[in-house]
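Enquirer: Okay, here's what each chain looks like letter by letter:
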Amino acid sequence: MAINDLYTDGIGGGWNVRDASTLTQDEVLEADVVIVGSGAGGGTAAEILTAAGLDVLMLEEGALYTSADFKDMDEFRGYTTLYQEASARTTSDGAVSIFQGRAVGGTTVVNWTTSLRTPDNTLAHWREVYGVRDIESEQMAPWFERMEQRLGIEPWAMAPNRNNDLLRAGCEKLGVHWKVIPRNVRGCWNLGYCGLGCPVNAKQSMLVTTIPSALGQGMRLLHHARAQRLQFKGDQVSELTVQALDAQALRPTGVTLRVRARHFVLAGGAINTPALLLRSNAPDPRQRIGQRTCIHPVNGTVARFDDAVNGFHGAPQSIYSDEFLWPDSGVGYKLEVPPLQPMLSSGLFGSFGDALSRDMATLDHAQVNIALMRDGFHADSSGGQVRIDDNGAPVLDYDFSDYLWDGLRRAYLSMAEIQFAAGARMVRPAHLDGRDYSSWKEAREAIAALPMQKQRASLYSAHLMGGCLMGEDRQTAVVDSYGRFHEAGNLSVIDGSVFPTSIGANPQLSIYAFSARNASKLAESLRTA
Amino acid sequence: MTTPLSGAGLSRRRFLQLGTIGSASLAVLGTTASLSGCSRPASPAAGFDFLSADDVVMLRALLPVANGSAYAAAAARNPDLGETALQRIDALCARMDPPAQAELRKLFDLLGWSLFRRLACGFSDGWSEAAPATLTAFLERWRQSSVGLFNAGHRGLVKLAGAGFWSQPATWAASTYPGPPAFAVSALNR
Numbered sequence: 001m002a003i004n005d006l007y008t009d010g011i012g013g014g015w016n017v018r019d020a021s022t023l024t025q026d027e028v029l030e031a032d033v034v035i036v037g038s039g040a041g042g043g044t045a046a047e048i049l050t051a052a053g054l055d056v057l058m059l060e061e062g063a064l065y066t067s068a069d070f071k072d073m074d075e076f077r078g079y080t081t082l083y084q085e086a087s088a089r090t091t092s093d094g095a096v097s098i099f100q101g102r103a104v105g106g107t108t109v110v111n112w113t114t115s116l117r118t119p120d121n122t123l124a125h126w127r128e129v130y131g132v133r134d135i136e137s138e139q140m141a142p143w144f145e146r147m148e149q150r151l152g153i154e155p156w157a158m159a160p161n162r163n164n165d166l167l168r169a170g171c172e173k174l175g176v177h178w179k180v181i182p183r184n185v186r187g188c189w190n191l192g193y194c195g196l197g198c199p200v201n202a203k204q205s206m207l208v209t210t211i212p213s214a215l216g217q218g219m220r221l222l223h224h225a226r227a228q229r230l231q232f233k234g235d236q237v238s239e240l241t242v243q244a245l246d247a248q249a250l251r252p253t254g255v256t257l258r259v260r261a262r263h264f265v266l267a268g269g270a271i272n273t274p275a276l277l278l279r280s281n282a283p284d285p286r287q288r289i290g291q292r293t294c295i296h297p298v299n300g301t302v303a304r305f306d307d308a309v310n311g312f313h314g315a316p317q318s319i320y321s322d323e324f325l326w327p328d329s330g331v332g333y334k335l336e337v338p339p340l341q342p343m344l345s346s347g348l349f350g351s352f353g354d355a356l357s358r359d360m361a362t363l364d365h366a367q368v369n370i371a372l373m374r375d376g377f378h379a380d381s382s383g384g385q386v387r388i389d390d391n392g393a394p395v396l397d398y399d400f401s402d403y404l405w406d407g408l409r410r411a412y413l414s415m416a417e418i419q420f421a422a423g424a425r426m427v428r429p430a431h432l433d434g435r436d437y438s439s440w441k442e443a444r445e446a447i448a449a450l451p452m453q454k455q456r457a458s459l460y461s462a463h464l465m466g467g468c469l470m471g472e473d474r475q476t477a478v479v480d481s482y483g484r485f486h487e488a489g490n491l492s493v494i495d496g497s498v499f500p501t502s503i504g505a506n507p508q509l510s511i512y513a514f515s516a517r518n519a520s521k522l523a524e525s526l527r528t529a
Numbered sequence: 530m531t532t533p534l535s536g537a538g539l540s541r542r543r544f545l546q547l548g549t550i551g552s553a554s555l556a557v558l559g560t561t562a563s564l565s566g567c568s569r570p571a572s573p574a575a576g577f578d579f580l581s582a583d584d585v586v587m588l589r590a591l592l593p594v595a596n597g598s599a600y601a602a603a604a605a606r607n608p609d610l611g612e613t614a615l616q617r618i619d620a621l622c623a624r625m626d627p628p629a630q631a632e633l634r635k636l637f638d639l640l641g642w643s644l645f646r647r648l649a650c651g652f653s654d655g656w657s658e659a660a661p662a663t664l665t666a667f668l669e670r671w672r673q674s675s676v677g678l679f680n681a682g683h684r685g686l687v688k689l690a691g692a693g694f695w696s697q698p699a700t701w702a703a704s705t706y707p708g709p710p711a712f713a714v715s716a717l718n719r
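Respectively, the protein sequence lines represent chains A and B. Sequential numbering of the first sequence, starting at 1, is according to my numbering. Sequential numbering of the second sequence, starting at 530, is according to my numbering.
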């Protein structure tokens, strides 16, 4: 069964899609609006702004890959072509591995499709502590509904794979909360390769929804194009300098593009957007750009079951638990599971040599729980910081307070207890000092004594948030409640970097909803201006 | 750390001393190395984008040790497996951003220096001469070290070696992975 390749057909039908690596001469480009980035924020904004009749130019530093490129379902191809730094991105000290997309469609091409609304508690916190306005739950609900309909978001109706079902079973046994995950899919084959690009165009990523829709209405897309520097003149952005990248989308070819627009929208995500502003010496009187970057730090536990789990196949995420998300004290965390194909899994065990060979020899019996820390809500968890090095490249510093370590330890405990309740033969924390524990009692005692230190605990992040905080108070916020840059009139940030804290849920639907809301407001103001 | 250092033949106290020396070494030796020209900007080996000839020798020695018994078994059946792993590691490194590449370059250059290996890694043989047991002891030493920098080095080396190896279809049998569902592969690639 051949899967219709949207881009081959679309480009044949007249879509304006260009590959900057093929350019041989400098150019000046003009548009009503230029959007830097094509992920959840840029993709959503593109469809809305184009539909409003505006002439939109979208820039993406990554390459254009389509379903035709994804049908091998191969880990190495996926991780090296679709992710920032070939999936080897980390915090500056290497302690946290960062999974962030880099291609037309951004992280939406590689995320695991979990689509949850921003929790009401989070919206309330943003109103009360950060003075973000017009985000009452009732005001946001229509935006969530709109994007849920647009992207086919519904609770997963098929049976969860066993990796997910064991999370459900353990929660059920202990009488703690669990729920079915809503996913942004239409006609999903339940294969399990969401992280490597959907081979059947079932995942309703920006690549197959909003970007094609905008292209069909005349938007121009230029990929292999890295936004290098915004030119500020008075309280306006006058120009954006763009470097064309080579075919590998790695090094500049030397061709430079100058982009002029009435309005500039930054949508490069919570690392690249602040870095672009810092590189550009953007006006920042209170030094807020790049501050409070939240990452939902993730830890995990690996369990072995007597019966096969086969966690490498089937929708990667279909069950979650929020039992521990809003505790009375301490940091809260959300529980989910990851897909378990071998390349990704080989790093989870924390072993090497013959021990790693032994661990991998029972991968089909492994079940893994992960916990996402809800960082940024407490004085002892103020996130990390994006800065740039001498050459302007982004670097993320992120430190762990005792408050966060305490949460990570409690999460190891919760996850192990759930796994034993589900019938695990043994459980091991993903930590250099983690061992295989054969009972909950043994695990509880050992985890209580684990040294909670960077480089010893295996830590991950797939969610980057903050760095260009929204809010009305210019002392703390970089953009206003609708994403407009406080210090320049024709600049907006429409991506995850506007969030004042982490979300407490996988962020894609939050980014979609806020981006739809803010882009709609922007379209209105540009039309009447 | 309360784990006794079995296998390394070192007392905990001695280990901690070495760890401290090692930690200072990284900074001091790193500077000395670049001042004295020991750490020349490494040029990529022929056929590689990031790895130097010395890096390739080191990683070729570490690949079997980092991945364990599954490596020898898979390599025996697939003569190209080792070279493919090196190419894959090179592709990962070449796609890192410059700040991460600079850190990796520092680490690889230090590991290529015998004085550093003697002080911080516990051996001074060349990478191609070192016995597998020696290299296992080195990885274990950096894993058990109380110095975060060495733990990070351990993680980085094991992660690269693991990605280069376990990503290859030739290793699927060793990881119980059947590959993508056959029905989908045949339907999509028809």
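Some hints here could point you the wrong way.
Said to hold, decoys possible - Within a straight-line C-alpha distance of at most 20 Å, the following computed DMTMM-like cross-link-like pairs (lysine to aspartate or glutamate) qualify:
{"no.": "1", "chain 1": "B", "residue 1": "K635", "chain 2": "A", "residue 2": "E323"}
{"no.": "2", "chain 1": "B", "residue 1": "K688", "chain 2": "A", "residue 2": "D165"}
{"no.": "3", "chain 1": "A", "residue 1": "K173", "chain 2": "A", "residue 2": "E323"}
{"no.": "4", "chain 1": "B", "residue 1": "K688", "chain 2": "A", "residue 2": "D433"}
{"no.": "5", "chain 1": "B", "residue 1": "K688", "chain 2": "A", "residue 2": "E85"}
{"no.": "6", "chain 1": "A", "residue 1": "K179", "chain 2": "A", "residue 2": "D165"}
{"no.": "7", "chain 1": "B", "residue 1": "K635", "chain 2": "A", "residue 2": "D120"}
To be verified - Stretches of chain B that chain A covers, calculated by requiring three or more beta carbons in the stretch to come under 8 Å of a beta carbon on chain A:
{"no.": "8", "region": "585 to 596"}
{"no.": "9", "region": "627 to 638"}
{"no.": "10", "region": "641 to 654"}
{"no.": "11", "region": "680 to 688"}
Simulated from the structure, these hints should not be mistaken for laboratory data. No residue lacks a Cβ here, since even glycine has one placed at the ideal position from N, Cα and C.
Enquirer: Taking the hints in turn, state whether each one holds.
Expert: A quick look at each hint next to the structure:
1. B:K635 to A:E323: Outside the cut-off at roughly 44 Å; violated.
2. B:K688 to A:D165: Since the Cα atoms of K688 (chain B) and D165 (chain A) sit roughly 29 Å apart, the hinted pair is violated (cutoff 20 Å).
3. A:K173 to A:E323: holds, 13 Å
4. B:K688 to A:D433: Cα-Cα ~17 Å, so holds.
5. B:K688 to A:E85: holds, 14 Å
6. A:K179 to A:D165: Between K179 (chain A) and D165 (chain A) the Cα gap is close to 11 Å, so the pair holds against 20 Å.
7. B:K635 to A:D120: Judged against 20 Å, a Cα distance of about 47 Å means the pair is violated.
8. 585 to 596: It holds: at least three residues are needed, and the region 585 to 596 of chain B offers 3 whose Cβ sits within less than 8 Å of chain A.
9. 627 to 638: holds (count 4)
10. 641 to 654: violated (count 0)
11. 680 to 688: It holds, with 7 qualifying residues against the three required.
When the structure is compared with the earlier hints, violations turn up for hints 1, 2, 7 and 10 and for no others.
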